[in-house]
Amino acid sequence: MNGVISNGFESWLAAPPGQLAGAGLDWLDDQRRVARERVREQGVPTSKTEDWRYTSLKGLLEQNFAQVDEAITALQPDDLEDILIPGLDSHRVVLVNGRYAPELSVLGDLPKGVRLGGLRTLLDADPDALRDRLNRIAGDRQPLFLALNTAGLDDGFVALFDRAAILERPIELIHLSVGMDEPRVAQPRHLVVLGDGAQATLIERYVSLGESLYCTNSVLEIALGRDAVLQHDRIQMESANAFHLTGLYLSQDTNSRYRGVNIGLGARWARTELVTRFRGEQAECDLQGLYLAGDRQLMDYHLDVAHSVPRCTSRENFKGILYGKGRAVFDGLVAVARDAQKSDAAMSNRNLMLSESAEVDTKPQLEINADDVKCSHGTTVGRIEPEMLFYLRSRGISAPLARRMLCLGFAGEIIQTLSAEALREHVSERVGQRLESAPLN
Amino acid sequence: MTSATAVDDIVGSEYEHGFTTEIASETFPPGLDEGVVRAISARKGEPEFMTEWRLKAYRHWLTMPEPAWAAVHYPKIDFQSISYFSAPKRPEDMPKSLDEIDPVLLDTYNKLGIPLEEQKALAGIAVDAVFDSVSVATTFRKSLAEAGVIFCSISEAVHDYPELIQQHLGSVVPHTDNYYAALNAAVYSDGTFVYVPKGVRCPMELSTYFRINARNTGQFERTLIVAEAGSYVSYLEGCTAPQRDENQLHAAVVELIAMDDAEIKYSTVQNWYPGDAQGKGGIYNFVTKRGDCRGARSKISWTQVETGSAITWKYPSCLLRGDDSIGEFYSVAVTKGRQQADTGTKMIHIGKNTSSTIVSKGISAGEGTQTYRGLVRIGPRAEGARNHTQCDSLLIGDRCSANTFPYIEVKHPSANMEHEATTSKISDDQLFYCRSRGLTEEDAVSMIVNGFCKEVFNELPMEFAVEAQKLLSISLEGAVG
Numbered sequence: 001m002n003g004v005i006s007n008g009f010e011s012w013l014a015a016p017p018g019q020l021a022g023a024g025l026d027w028l029d030d031q032r033r034v035a036r037e038r039v040r041e042q043g044v045p046t047s048k049t050e051d052w053r054y055t056s057l058k059g060l061l062e063q064n065f066a067q068v069d070e071a072i073t074a075l076q077p078d079d080l081e082d083i084l085i086p087g088l089d090s091h092r093v094v095l096v097n098g099r100y101a102p103e104l105s106v107l108g109d110l111p112k113g114v115r116l117g118g119l120r121t122l123l124d125a126d127p128d129a130l131r132d133r134l135n136r137i138a139g140d141r142q143p144l145f146l147a148l149n150t151a152g153l154d155d156g157f158v159a160l161f162d163r164a165a166i167l168e169r170p171i172e173l174i175h176l177s178v179g180m181d182e183p184r185v186a187q188p189r190h191l192v193v194l195g196d197g198a199q200a201t202l203i204e205r206y207v208s209l210g211e212s213l214y215c216t217n218s219v220l221e222i223a224l225g226r227d228a229v230l231q232h233d234r235i236q237m238e239s240a241n242a243f244h245l246t247g248l249y250l251s252q253d254t255n256s257r258y259r260g261v262n263i264g265l266g267a268r269w270a271r272t273e274l275v276t277r278f279r280g281e282q283a284e285c286d287l288q289g290l291y292l293a294g295d296r297q298l299m300d301y302h303l304d305v306a307h308s309v310p311r312c313t314s315r316e317n318f319k320g321i322l323y324g325k326g327r328a329v330f331d332g333l334v335a336v337a338r339d340a341q342k343s344d345a346a347m348s349n350r351n352l353m354l355s356e357s358a359e360v361d362t363k364p365q366l367e368i369n370a371d372d373v374k375c376s377h378g379t380t381v382g383r384i385e386p387e388m389l390f391y392l393r394s395r396g397i398s399a400p401l402a403r404r405m406l407c408l409g410f411a412g413e414i415i416q417t418l419s420a421e422a423l424r425e426h427v428s429e430r431v432g433q434r435l436e437s438a439p440l441n
Numbered sequence: 001m002t003s004a005t006a007v008d009d010i011v012g013s014e015y016e017h018g019f020t021t022e023i024a025s026e027t028f029p030p031g032l033d034e035g036v037v038r039a040i041s042a043r044k045g046e047p048e049f050m051t052e053w054r055l056k057a058y059r060h061w062l063t064m065p066e067p068a069w070a071a072v073h074y075p076k077i078d079f080q081s082i083s084y085f086s087a088p089k090r091p092e093d094m095p096k097s098l099d100e101i102d103p104v105l106l107d108t109y110n111k112l113g114i115p116l117e118e119q120k121a122l123a124g125i126a127v128d129a130v131f132d133s134v135s136v137a138t139t140f141r142k143s144l145a146e147a148g149v150i151f152c153s154i155s156e157a158v159h160d161y162p163e164l165i166q167q168h169l170g171s172v173v174p175h176t177d178n179y180y181a182a183l184n185a186a187v188y189s190d191g192t193f194v195y196v197p198k199g200v201r202c203p204m205e206l207s208t209y210f211r212i213n214a215r216n217t218g219q220f221e222r223t224l225i226v227a228e229a230g231s232y233v234s235y236l237e238g239c240t241a242p243q244r245d246e247n248q249l250h251a252a253v254v255e256l257i258a259m260d261d262a263e264i265k266y267s268t269v270q271n272w273y274p275g276d277a278q279g280k281g282g283i284y285n286f287v288t289k290r291g292d293c294r295g296a297r298s299k300i301s302w303t304q305v306e307t308g309s310a311i312t313w314k315y316p317s318c319l320l321r322g323d324d325s326i327g328e329f330y331s332v333a334v335t336k337g338r339q340q341a342d343t344g345t346k347m348i349h350i351g352k353n354t355s356s357t358i359v360s361k362g363i364s365a366g367e368g369t370q371t372y373r374g375l376v377r378i379g380p381r382a383e384g385a386r387n388h389t390q391c392d393s394l395l396i397g398d399r400c401s402a403n404t405f406p407y408i409e410v411k412h413p414s415a416n417m418e419h420e421a422t423t424s425k426i427s428d429d430q431l432f433y434c435r436s437r438g439l440t441e442e443d444a445v446s447m448i449v450n451g452f453c454k455e456v457f458n459e460l461p462m463e464f465a466v467e468a469q470k471l472l473s474i475s476l477e478g479a480v481g
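Chain order of the listed sequences is A and B. Those letters in the first sequence? Residues 1 to 441, by this note's numbering. Those letters in the second sequence? Residues 1 to 481, by this note's numbering.
Hint data in this document are derived by calculation from the structure and do not stem from the laboratory. Quantities reported herein were computed from a predicted structural model and do not represent experimental measurements. Incorrect hints may have been included.
Said to hold, decoys possible - Partial list, computed: chain A residues near chain B (C-beta under 7 Å):
(1) Glu367
(2) Asn369
(3) Gly378
(4) Arg383
(5) Ile384
(6) Glu387
What the hints assert, rightly or not - Pairs of lysine-lysine, BS3-like flavour, derived with a Cα cap of 27 Å:
(7) B/Lys346 to A/Lys325
(8) A/Lys374 to B/Lys76
(9) B/Lys76 to A/Lys48
Idealized CB from N, CA, C, for every residue including glycine.
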């Protein structure tokens, strides 16, 4: 089997010219080597693989993406004008095709105890700061796309917060993709570590210049210390032709708080994996999600929340709007370990179908091994209630506008959990635009 | 609270129906090959088409891998160590009336609480009692015949109604369906056949009691129920099994066919031997049950109360092919000791305006493991499909597990699909409330658990509902949250 497997992703593994970041560091070279082996020894997932039951890799494999092998340096700060969100005041970190672009980034004044920047830069300057942190949270399991990312680990974004460090303004991480001569895959690797009591807001955005074809396979590891608080907004607006894969691996210590808002609007094929591990009691994890799957678009979400210690709380609330031949997959797992008493988990996935040929496959799962827990999940799939439409139309609102209003109302619950007003407006506007162009029936 | 000791009490409670009847059986030596399949067929004097069908299934079974996806754990089954045929002695001398029945057998039924002599007096239930593999007693055949209803063992049906068998057997669960269905098709020993003609409302509730008896004998029952247009039938299935040391395989297949406007109600109380406190010796219950709502406005309803078996692996399903057809699944499953249950349902919406309801209640105690695994699929032409699913788990003790794995696939926008699941324990508040009103802890628990299951018990025929409640309270004696 090995031969077949490697073929599909061999081009992702090809080493770029020059040296990978931190080459010569034994621990890092080892991690990359092990990951490379993991890629080669595991098969390409098929519909028989439980995690890929509803998601086909065929389209992705047909593309034969090559690794990004050169940094784009021709961009000027002015080129970002259309991308920046008016009124959003942030510490800005820009990556172009997966590479840290210092000339476009505006880090601003950082308080003591906060380090932001490119992974490669930090690996050169202070590798010991990363040694025991990189690739620790994602763990040994290394599913295919995580292993691919680790095997090619070269650049990305790093935020290190010392104990009690607090950043008032949000960090804005912009993944900018620019079309190249042939389709390329960028595999940025990010690390966010918040020490005990540290607090931050991270806004992670995926955007593109033009509607080109490319692939992003990003991995983000987040470690929250005791009492740390992180608000994390992720807004995926990749090019309409892009493939988007992202894995988020989260580790939470005692009494830490994480709130993640996942907005998925772009890409023709997008898969998001969110993996949460509680390391200490009384931690809270709140995952919100909104996705729009338009014609021939696939939005695929996989949640894996493990309550391995007692007294933690998790919320998973995902909503989707589908039209045209849009497809959505929601596969959520909440697992409560033996003795993880007083765990509290609630998972919900609600879908609004606007067209005849849309499809939703949803699989909210619970694995409970302790008795004193509060766990629930709920799922709905439905269309806009005719009564609601009638109500609005009877008040003189046209049918298309009424539908849009109802959809925006449905989406609003998630949008309002975003951290900044400017961001909420930006997302609402884009959702509105998408719905306006949607062939509603 | 005394939950730890209470749970120990449950685990320690002896299996009430654990006794073995001493009857000499004519049993094939263990092992399975084409010769055995042919021999079973020959012993039963089956026509050529049946032998061929069995062989086809056997050959297909050889090509299939043993399924491993269910969340259950057990030592690998050695299919060559199982005997595939056992019949009570004197098969040529099948009893014609109650008088001819072996008194030891009758005594067994009495111990099980099914006094055949009193059947007629009992609330209109005809019993086709299956003792091991060959049906030995059938009652009420005549009054059913007057209504035109055929109710007989499947071996008899193969002889007497070969065209009906040829037409319907395997049409809902083909021999290629899954590993255990293929095995069953190859070696099925006996079972029940029910045929309700057009427009007939079956005058009584039909019932079969199964009982595994001879040691080391896999039981491979096959049930086929056909309800023609506009007919109605309610079928009751219940099982108990005597205590023994080795695990026993039970791989049954049940096929239901409902034509236009027909309704089939299938109720099960399953109380096979669950194994001892170490989980040793219980029954492996790997069952394929599927109903086909073939006609418009047809309805199939599954109700099950699962308290026994070491391992339960079954998913009574409905294919909603006819427009406006209805599928229902009501289930209570109890696992205690080391019992494992992986159960649920599939509702496949194909026709227009089809609707389905799933209510699943799982109770896990001791070191029991419980998994709800279900599929709701709303096909691209299933306009106006509706589904409501409710899965609740009740955990008693901190060593048990409850999993919920629902699969929901929706391909039509007019679908109205709702799924809810909760996991909880008996709360101290609830207990305190009941106890402050003078109830003992045990009664309070029993009351709360019965309340938890009420939605399902309400669907059972009256006689079964009584038995089910009794079973439940025996199962959970002394359990405190």
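Query raised in the report: Of the numbered hints stated previously, which ones are contradicted by the structure, given in increasing order?
Result: The structure conflicts with hints 5, 6 and 8, although it agrees with all the remaining ones.
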